[in-house]
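Each residue of the sequence shown is one higher than the last, beginning at 1 in my numbering.
Among the hints, erroneous ones may be present.
Label-pair distances were calculated between CB atoms; the ranges are [claimed, not checked]:
#, residue 1, residue 2, range
1, Leu9, Leu126, 24 to 32 Å
2, Arg129, Trp190, 42 to 50 Å
3, Pro225, Leu71, 33 to 41 Å
4, Ile210, Phe79, 36 to 44 Å
5, Val78, Tyr58, 16 to 24 Å
6, Gly19, Phe53, 20 to 28 Å
7, Leu120, Leu92, 40 to 48 Å
8, Pro225, Gly30, 38 to 46 Å
9, Phe204, Trp38, 38 to 46 Å
10, Leu219, Arg129, 28 to 36 Å
11, Arg160, Phe204, 28 to 36 Å
12, Ala113, Ser36, 22 to 30 Å
13, Leu211, Ile123, 35 to 43 Å
14, Ser77, Trp190, 21 to 29 Å
Here are the computed lysine-lysine pairs in the DSBU-like style, where the Cα-Cα straight-line distance is at most 30 Å [claimed, not checked]:
#, residue 1, residue 2
15, Lys203, Lys162
16, Lys207, Lys107
17, Lys207, Lys162
18, Lys107, Lys203
19, Lys107, Lys162
20, Lys73, Lys162
21, Lys161, Lys107
22, Lys161, Lys203
23, Lys161, Lys199
24, Lys161, Lys207
25, Lys199, Lys107
26, Lys73, Lys107
No lab work stands behind these hints, which were simulated from the structure alone.
Where is the CB? At the ideal position from N, CA and C, for every residue including glycine.
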Amino acid sequence: SLFHRREQLTARDYWFFGGAIALYVALTLGNITRWSIWFDEAFSAYLMRFDFFDIARYTANDVHPPMYYWLLKAWTSVFGTSDLALRLPSLLMIAASIVVIVLLVRKLFSINAARWTALLLAISPLLVRFGEEARMYSLALLITSAATYVLVSVTERPTRKKWLAYAVLVSLGMWTHYFTALVWRAHWVWRWSVRREYKNARKFWTKEWILAHVGAIALYLPWLPF
């Protein structure tokens, strides 16, 4: 089986994983206001002067969908539009992504693999870089990581709530960044690769798998004309 026996987390494990997240936060916060916002971030900051409808209208003429900008608008309405306020959501989203990825690795492999994953992600230059940037890549990472975890979980123990969550996450990914479509294609490859190990995946085009994609497309339809 792809899913290994769950090892119990010890107090030491919680300290280790918490320390890894703290390390990531410290590395990212150390430089988060060192440089002024650059051109792409300036577009994010510029959109914050508009309401939610106008944000969608203006970004429809750009190359990205509006989900990240809507969330940033809600955030800046409370915390303002300083460089730190604009960038802090990215740090928090990537920190949350690390937690999700660590849980996924623990589910698929082992606690030891999860420990190494936490450490390597915490010091990843790529994640530190995008945790300092007021752009949608951090949100895309969080959504795709969560969707991957849900897909693995629903393959192990299918429920309607999990399939619904997967459909919503797939749609939210497309509302955030179009390239998340590549992750959903990777999910297809993974599902095909484990079809002989799990009875609910032996038939690739199951009713639940189809309905999840139909639901995701239905939720995405309002943005499709743009």
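Does Lys162 sit within 30 Å of Lys73, going by the straight-line distance between their CA atoms?
Between Lys73 and Lys162 the Cα gap is close to 29 Å, so the pair holds against 30 Å.
Within a Cα-Cα threshold of 30 Å, do Lys161 and Lys207 meet the stated pairing?
Distance of about 15 Å is within 30 Å: holds.
If you check the beta carbons of Val78 and Tyr58, does the distance land in 16 to 24 Å?
holds, 22 Å
For the pair supplied as a hint, Lys107 and Lys162, is the alpha-carbon distance within the 30 Å limit?
holds, 16 Å
Can the suggested window of 35 to 43 Å be confirmed for the beta-carbon pair Leu211 and Ile123?
holds, 41 Å
Taking the CB of Pro225 and the CB of Leu71, does the distance hold inside 33 to 41 Å?
Taking Cβ atoms as reference, Pro225 and Leu71 lie about 22 Å apart, which means the hint is violated.
For the hint 24 to 32 Å, verify it against the beta carbon of Leu9 and that of Leu126.
At roughly 27 Å between Cβ atoms, Leu126 and Leu9 fall inside 24 to 32 Å, so the hint holds.
Distance restraint evaluation - Ser77, Trp190, Cβ atoms, bounds 21 to 29 Å:
39 Å Cβ-Cβ, so the 21 to 29 Å window is violated.
Check whether the Cα positions of Lys207 and Lys162 lie no farther apart than 30 Å.
With a Cα-Cα distance of about 14 Å, the restraint between Lys207 and Lys162 holds, given a limit of 30 Å.
Note whether the CB distance of Arg160 and Phe204 lies within 28 to 36 Å or breaks it.
violated, 20 Å
For the pair Ile210 and Phe79, does the Cβ-Cβ distance stay inside 36 to 44 Å?
holds, 41 Å
Satisfaction of hint between Lys107 and Lys73, Cα-Cα up to 30 Å
Outside the cut-off at roughly 35 Å; violated.
Hint compliance for this structure: hints 2, 3, 6, 7, 11, 12, 14, 26 are not met, and every other hint is.
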